[in-house]
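Since each chain sits alone in its own frame, please combine them into the complex, following the hints.
So the sequences go chain by chain: A and B.
Heads up: the first sequence begins at 54 in the working numbering, then just goes up one per residue.
Heads up: the second sequence begins at 240 in the working numbering, then just goes up one per residue.
In case anyone wonders, no lab produced these hints; they're calculated from the structure.
Source: prediction; values computed, not measured.
Each residue gets a CB set at the ideal place from its N, CA and C atoms; glycine is no exception.
Check before you lean on any hint, since a few could be wrong.
Derived contacts from chain B toward chain A, CB cut-off under 7 Å, selection only [what the hints assert, rightly or not]: (1) Leu-243; (2) Arg-246; (3) Leu-247; (4) Leu-250; (5) Ala-251; (6) Thr-258; (7) Pro-260; (8) Ala-266; (9) Arg-267; (10) Arg-269; (11) Arg-570.
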Amino acid sequence: MPACSVCGLTSHASQAGRAVEATEDFDSFYAAVFARLVGQLALVTGDPHEAEDVVQEAMARAAPRWAQLRAYDAPEAWVRRVAFNLAVSGHRRARRRLAALLRLGPPAPVPPVSVEALALAQALQGLTVAHRQVVVLHYLADLPVQQVARELGVPVGTVKARLARARGALAARLAEPAQKGKQA
Amino acid sequence: MNELRDRLQELADGYARSTSPPGPVAARRRGRRRRRRAVAGIVVAGMLVVGASVGLLPALKLPRPSQPARPTPAPQVPQLAAWFHATYVPSGFQLANDRERPVERLRTPPIRGAQSFRLVKGNGEFTVSVNPDLRQLDVARETRTYPSVRLVQVRGHTGLLFPRRPDNFYTGLTWEERTGLVMQVLGSQGVPDRMLLDVAEGLRIVGTSGGKIEITVGPRPPGWIRVGRGTRWPSLGEYLTVLPRKHEQTFTKGRGRRPYFVIAEIRGQFAPLRSADKPKLVPETTRESVRVHGYPALLDHDPINHFLEVTWREPGGIELSVQAAEDLGRREVLAIAEGLRQP
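Extracted from the complex, chain B is given alone in its bound form (with noise of 0.2 Å):
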C-alpha cells in the first residue's frame, strides 16, 4: 500500500510541478465575472416577467369591446347518413368483412360504475352504464347521422336504437334520462333488440347525495349472470360507448391472406383533424401531411407493424381512415381514399 502511496504521489507531484497557476487575482476575476454574469441574467429575468406582466395588464383589465353575440350553429350533419363506399378496389382483392360497431375507448380507463351480464350457455352479453362523454342526446342530429338508427320510446323518454342486424352484433340502446344524464345498454355479441328495451325498463336508476347516480338493473332470463363480480374479469362493455359509431370495411385477397386493407368510418368527430390526434403508437412510425378529398390528412407509416394508414375528416363530423398492409403501396392507399364516396 505504501508504495501505491508513494507511486500516487510521485505522479501527483509530476503534475503539481508541471502546473503554472493563474494566479488568485485571475480566480477573483473569474469569480467577479461569473457574479455579474449571475447578476445580470437575474436582472434580465426579472426585466422580462415584468414586461410579460405588464403587457398581460391591459388586455387582463381593459373592458373588451362589445361583441355581437354569435349565431348558433345549426347541428352539423352529414349531408347524406349513408355509410362511404370503395369506388376503387385494387385487382385481385374483394370485401371480407362490413360491420358497425361504437368506437373502442381502449387509452381511457373503464366506465365508472358499468355492470355487465353475460349469457352462461351460449353467447351474448350487455352493460348498462351512463355515457361519461356526452351531458346531452341530441336524438335529430343522430337520426341524421347513422344510417342505421332507429327512433325508439324507453322509460317515456325518445332514445335511439342501434339494431341487431347481420353487419352490426353490437346492438345498442342510448336516451337522456334526465337532463345531463345519457344512459347506455349496450349489446355485444348478437343480443336481440327486444332484450335491451327490457333491461332498459327494468332500471332502477337513484342520485345520490353526492351526485353520483346508482343504478339496479331488475330481474332478467335465467341464465344471465353478473360479469366481474367480486373478480376482476374484464367486460368488453366497459371499454364501449353506444355513440359514437364505427363502420369498417375490410378487403383481402382471399380468406385471411395478406395483404389487406380496411376502411374505417366514424361519425361524430367535429374539430378539424390534428397532428396529435391520431398518437403515434409506434415511435418509428412516421407522418407525412396529404390532401384527400381537398382535405388536409395523415398519412403514417407504422414500419414494425407494417401497414399504411391515411386519416382525414369530412364535413359534417366524418373520419375516414383507410388503413393498409404497407406491400400495398402509398400510392394504391390514396387511391383506395381518393375513390370513397357516400351513394
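One chain only, chain A, in its complex shape (with noise of 0.2 Å):
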C-alpha cells in the first residue's frame, strides 16, 4: 500500500485515495444518471428548466455525502427522491425559481417536440403531482409498483389507485383532442 507523501502514513494514502476514487466516481454517476433524472422530472415538473435546477440541487446534496451514498443499491433512486421533494414543495419551488433566474439569466428556449409529445406534456399537467409522481416512476423509471411505493413512501395500494386515475385522466385527456379534430 503507498506511503502519504505528507506524512507517510498509509492509513491517510488511503483515504485520500479513496477521496479521488470517489470523486471520479461520483463524476460518472452525474454523467449517466443527470439527463435521464432531468427528463422524469420535467414530466412532473412540466418545466425542464425547473427540473434541470431540482436534479442539481439534489445532486449538491449528494456531492458530500457521496461516499455515504455509493454503497446504496440504488443511489439514483435517492436522488431522485430528493429531487421529488424539492419539486413538490411550492414554497421552496418559487424561492428556487427566483434563485434560478438570478443565476442563470431568462431560461433557453426549449427545441420543438412533436405535437404527439405536446399533447401528452399538456395532458400530464393536468393530472396531480402525485398522479404524475407514479405515473413517470412506474412508465418511464420501469419500476414494479412496489418499488414505487417504497420509492414514494406510501401503500402500494395507494399506487395501483393513483396509476388507475391517472391512466383513465390521461386517456380521456388525450381522446378529447383526437375527437375535436374528428368532429372537425
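Here it is as C-alpha cells:
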C-alpha cells in the first residue's frame, strides 16, 4: 500500500486515494443519470428548466455525502427522491425558481417536440403531482409498483389507485383533442 | 400501455436532450457552499446562545443591591361606592333594566365540588362552593367597594351578604371560613337571604388529608332537590362566584326594540386595562385605542354581532363598559361613556 507523501502514513494515503476514487465515481454517476433524471423530473414539473435546477440541487446534496450514498443499491433513487421532494414543495419551488432566474438568466428556448409529445405533456400537466410521480416512476423509470410505493413512502394500494386514476385521466385528456379533430 | 410508455420515453428523451448539465464540479461546489452556510448558521446560533448566557450570568450571580422595602399599599377602593349612572342618554332611550349580579366565569371550567339545589315547584336555586379565585376575604375593602353589601355574622366569622332586592335576583353570602378558604353560598332566582344564612350555618366543612375540602350541606326545607346528582345537568351557580360583582343598566327605545345600549360596571379589577384583557370573541372584530375620562380605553367593533363596545378602568378597581348596537354609532357610544358619573 503506498504511503502518504506528507505524513508517511499508509492509512492516510489510502483515505486520500479513496477520496479521489469517490470523486471520479461521483462524476461518472452524474454523467450517467443527470439527463435521465431531468427527463423524468420535467414530466413531473412540466418545466425542463425547473427540472434541471431541482436535479442539480439534489446532486449538490448528494455530493458531500457521496461516500455514503455510493454504497447504496440505487443512489439514483435517493437523488430522484430528493429532487421529487424539492419539486413538490411550493414555497421552496418559488424560491428556487427566483434563485435560478437570478443565477442563469431567462430560460433558453426548448427545442420543439412533436405534436403528440406536446399533447402528452399538456395531458400530464392536467394530473396532480402525486399522479404524475407514479406515472413517471412506473412507466418511465420502469419500476414495479412495490418499488414505486417504497420510493414514495406510500402503500402499494395507493400507488395502484393513483396509477389507475392517472391512466384514466390521461386517456380521457388524450382522447379529447382527437375527438375534436374528428368533429372538425 | 406500451404506447404510453413509448410516448413518455420520447417526451422525456426530448427534455433530456435539451438539457445542458452544469456539471459535477458545479454540483460539488454548490454542495460545499450549502455545507458552509449550514456550519456558519450553527456557529452563529451557538455564539448567540453563549452570548445570551454570558449576558445573563452576571444578573444571576451578582448580589442584588438591597432595596428599601416598599410600604404595602393600602387596599384600593373606589372613592365612592355608588354605581355609575348615565348623565347623557341619546334621545328616545329609556332605562329598561337595572340589575346587579355576579360576574360570569364563562371561560373557565365549572367550580370543582360545587353543590347546587333547586326548588321543585316554583323558582329558586342555590349553590354552595369554595371561591376558587379568592384566598382571603378583605371585608373592610369589600364593604367600601359595593354599595349594596351588608355585614353579617356567619359561623362565627364576619361575612358579606348581597341581599335580595328588586334589582338583585342573585343573592350571595361569602365568608372566610379559615385562612385560605373563602366559602360562598350563591342564590339565584330570588332565594331569600334567610335561607342563605341557614344553609351556611348548617354546613359541615372538613379538610381531608389530601388537602381537599369536603362540604356536606345540612337538611333543607322540603321541596329542594340536589341538582345534577348522577346526571350532567348544568347549574348556573357552578359558573358564578359571589365576588366580584357586576352592575348592568340596559336602555332601549321601547320594550324589546333595537337599538339598545348596556352600561356595565365590574368592581375589583385593579390591573391597568391591556389589549389582551378583553379577548376578541369574533376574529373580524376591529379594535381601536381611545380615551374616556382621560383613561386609556378599548373601542371594539364586532361586525358579525353588530355591536360597538368601549371598555376602560377607573381608579379604585372599577371597570366600565358601554355596549351598544352598531346603529347607534361610535360618537354616541363615546358620548354615553364620557357622561357616566357617580352620584
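Identify whether the interface hint at B:Arg-269 stands, where standing means a beta carbon of chain A within less than 7 Å of its own. At about 4 Å, which falls below the 7 Å cut-off, the nearest Cβ of chain A leaves the hint on B:Arg-269 intact, so it holds.
Against chain A, is B:Arg-570 within 7 Å by beta-carbon distance? violated (46 Å)
Taking the closest Cβ pair, is B:Pro-260 under 7 Å from chain A? holds (5 Å)
Close enough to count: is the Cβ of B:Arg-267 nearer than 7 Å to one in chain A? holds (4 Å)
Given hint B:Ala-251 near chain A, where the shortest CB pair must fall under 7 Å: Since the shortest Cβ distance to chain A is 3 Å, the answer is holds.
B:Leu-243 as chain A interface residue, shortest Cβ-Cβ below 7 Å: With a closest approach of 6 Å, the B:Leu-243 hint holds.
Measuring from the C-beta of B:Thr-258 to each C-beta in chain A, is the shortest one below 7 Å? Constraint on B:Thr-258 satisfied, holds at 5 Å.
Does B:Leu-247 pass the interface hint, meaning its C-beta sits closer than 7 Å to a C-beta of chain A? At 5 Å from the nearest chain A Cβ, B:Leu-247 passes the 7 Å test, so the hint holds.
Taking the closest Cβ pair, is B:Ala-266 under 7 Å from chain A? Hint on B:Ala-266: holds, closest Cβ of chain A at ~4 Å, below 7 Å.
Taking the least C-beta to C-beta distance, is B:Arg-246 closer than 7 Å to chain A? Interface hint status for B:Arg-246: holds (5 Å vs cutoff 7 Å).
For the hint on B:Leu-250, does the least C-beta distance to chain A fall short of 7 Å? At 5 Å from the nearest chain A Cβ, B:Leu-250 passes the 7 Å test, so the hint holds.
Figure legend: structure checked against the earlier numbered hints; the only hint not met is number 11.
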